[in-house]
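2 protein chains.
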Amino acid sequence: MEVSGTNLDEIIKNKLNPHQLKEFNKIYYGRADHCELKVKQSSSEAGKNNKFQIAAYSFLAEKETRDPRIAKIGLIQHSIVLSTEKPIEEQRQAIFNKIDKIISVAAAEDVKVLCLQETWSMPFFLCTREKDKWANFTESAEQGPSFTFLSSLAKKYQMVIISPILENDEGTWWNTAVVINEKGEFMGKHRKNHLPSIGSFSETSYYSPGNTGHPVFDTKYGKIAVNICYGRHQALNWLMFGLNGAEIVFNPAATIAEFGESFWGIEARNAAIANGYFTCSINRVGTEIFTKIDNSKVKRSYYGSTYATAPNGHRTPGLSKVNDGLLIVEMDLNLCRQVKDQWGFNMTARLDMYAQELEAVVGTK
Amino acid sequence: MEVSGTNLDEIIKNKLNPHQLKEFNKIYYGRADHCELKVKQSSSEAGKNNKFQIAAYSFLAEKETRDPRIAKIGLIQHSIVLSTEKPIEEQRQAIFNKIDKIISVAAAEDVKVLCLQETWSMPFFLCTREKDKWANFTESAEQGPSFTFLSSLAKKYQMVIISPILENDEGTWWNTAVVINEKGEFMGKHRKNHLPSIGSFSETSYYSPGNTGHPVFDTKYGKIAVNICYGRHQALNWLMFGLNGAEIVFNPAATIAEFGESFWGIEARNAAIANGYFTCSINRVGTEIFTKIDNSKVKRSYYGSTYATAPNGHRTPGLSKVNDGLLIVEMDLNLCRQVKDQWGFNMTARLDMYAQELEAVVGTK
Chain A
7 MEVSGTNLDE IIKNKLNPHQ LKEFNKIYYG RADHCELKVK QSSSEAGKNN
57 KFQIAAYSFL AEKETRDPRI AKIGLIQHSI VLSTEKPIEE QRQAIFNKID
107 KIISVAAAED VKVLCLQETW SMPFFLCTRE KDKWANFTES AEQGPSFTFL
157 SSLAKKYQMV IISPILENDE GTWWNTAVVI NEKGEFMGKH RKNHLPSIGS
207 FSETSYYSPG NTGHPVFDTK YGKIAVNICY GRHQALNWLM FGLNGAEIVF
257 NPAATIAEFG ESFWGIEARN AAIANGYFTC SINRVGTEIF TKIDNSKVKR
307 SYYGSTYATA PNGHRTPGLS KVNDGLLIVE MDLNLCRQVK DQWGFNMTAR
357 LDMYAQELEA VVGTK
Chain B
7 MEVSGTNLDE IIKNKLNPHQ LKEFNKIYYG RADHCELKVK QSSSEAGKNN
57 KFQIAAYSFL AEKETRDPRI AKIGLIQHSI VLSTEKPIEE QRQAIFNKID
107 KIISVAAAED VKVLCLQETW SMPFFLCTRE KDKWANFTES AEQGPSFTFL
157 SSLAKKYQMV IISPILENDE GTWWNTAVVI NEKGEFMGKH RKNHLPSIGS
207 FSETSYYSPG NTGHPVFDTK YGKIAVNICY GRHQALNWLM FGLNGAEIVF
257 NPAATIAEFG ESFWGIEARN AAIANGYFTC SINRVGTEIF TKIDNSKVKR
307 SYYGSTYATA PNGHRTPGLS KVNDGLLIVE MDLNLCRQVK DQWGFNMTAR
357 LDMYAQELEA VVGTK
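Just so you know, the sequences run in chain order A and B. The first sequence begins at 7 in the numbering used here and counts up by one. The second sequence begins at 7 in the numbering used here and counts up by one.
Looking at chain A on its own, in the form it has when it is part of the complex (with noise of 0.2 Å):
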């Protein structure tokens, strides 16, 4: 996090002897070592050349019966390019040509599974409670321009891609994540479960709360789920992805620092202590101004500091809070076996009893 331009953790780091460094990031981080990965020269230059941050690192299991089974994963967070006045095709194609360099540079790390932030196409218009003039940046799920874009790329790199948008089905808008796997297909997508109607951000003024359930893509390289941003509030939204077999749960997401950047850092990293899986936040960055019917303008900031966690709790630090980032983590998926075994939370989970006391509060409320 950045104060004044400058990061925070940069400067924490700087001003605590060693020692005290490594009390800091167990108690805040969950590990006294951030086990950072070098990344290539090249990824470093294309990084500088196109003004987005690269950082790596490791979430290692212990060694066991079974082999290894890493996961490299990518979480890209990104501002617009165009003035959100320019024609829609011209926005989107801009924001097209910005990911295309920087997922070049994930697969160059050999990374196998990748997602946007949400409605990573377009700047988050909701903003405005206006829709007639935004409504081309709708698309379908299975043919839309993102799919046609990304499709290419997944195939291309070997690379499962999410890639959450605004879907328009026959007229009906969604807002979903669409999951293409390694050959570019179509593998499924998920509808967001729970839409905030706090302040400008009405979402329910746009589309219904999801109808896809709690789906898990069992994908060639992990098994994964995608939970939506304010979905991230919900415990039992993350407590059904885990049921249903998720190792990985992402959380694309746009969400302002007036809303809870406090919050950030606690609720996905509490889901994957919670669950057994690994979690993958990921918040836009960038300034966006609306113009809306009657010439008022909405203006709104996202905060970034995209992360992920391990089911033992540690993290990764976050990326910028004002940059375009690519976050590559390296993840052993035995981990989440292992953080199983050893707290038993899964076991002593009495799922019985409430389902029944869920269901005796349905029933009188």
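Nothing false has been slipped in among the hints.
Copies of the same chain look alike in the list, so a pair counts if it fits in one copy or across any two.
Distance condition first, Cα-Cα at most 30 Å in a straight line; then the derived BS3-like pairs of lysine-lysine:
#1 Lys346 with Lys303
#2 Lys28 with Lys305
#3 Lys229 with Lys162
#4 Lys78 with Lys46
#5 Lys32 with Lys229
Bear in mind the hints are in silico, worked out from the structure with no lab data behind them.
Starting from the known structure of chain A, fit chain B onto it as the hints suggest.
Chain B alone, transformed into the frame defined by chain A:
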């Protein structure tokens, strides 16, 4: 937290400039300022004389149509006093004498609801996995020595007191929190819902998972519930207390550094955010050494770090990792509804969907 005897919070406070410190506090504690309260001179002196830390903080709410509903809470963390080889009655009485002094300070500070740590009136002998030698630490919830002792203090100070003990109910043991009202009367009890079976902490060899559901006690000073120790890892446990109307949920614990110290600041804080109530996390301090039947020793050290969180995610700094302490927290219970109204997590929870999904999972597993 202390590093080689020095408090890490203090180190950070001294090394960051005021602007950086504000940003640090905002991210890690939820607010730039800790809103510390002054305690009386006589309380400070009593703390010094009796070697316990006193810290006091405030969580206020916005002005609204209702009058403020201020609850002043006291949380006590403490070490045992005598060797575990001494007669059990002496060990217990020595702890009573220590707690008596701390509660008198809490009363002088106008604390109205007080909670002690898990199995507060004994060493946490459960790590020995032996029963016979320690059986006399168990007691009746309604008539045992802990109840008798605290009942008189509750009445004397018009204070609600939560007394987590090892209950002996006609030969059957339970890990139980007893709630005593401000008249010194037994108000009810809650038995620990989730039991760890980790390493030497195999609680299932002592007692069964609780059979009291998720009671909320409507005390004179607010609606309270108790989530005992390991139950903090279960999101549904927290959820049910919230659905049943809790405004403050206490988490009395006995937890050691090897067991996820980095979780400590995450789980209860997440629960406060997710459920729109205050959480109070209490952990014992000090090192306890036990001699087993085969003369081998078992040694366990607890890390304290007692803290409280408001429904908006703001948290207090933690108490010491090594010293006895009294944490006083002034909280306006109006904040619970205010945060719910702001965020709408309760309104968007879709409990009917989860009751169905959970029922389906339970039915097939």
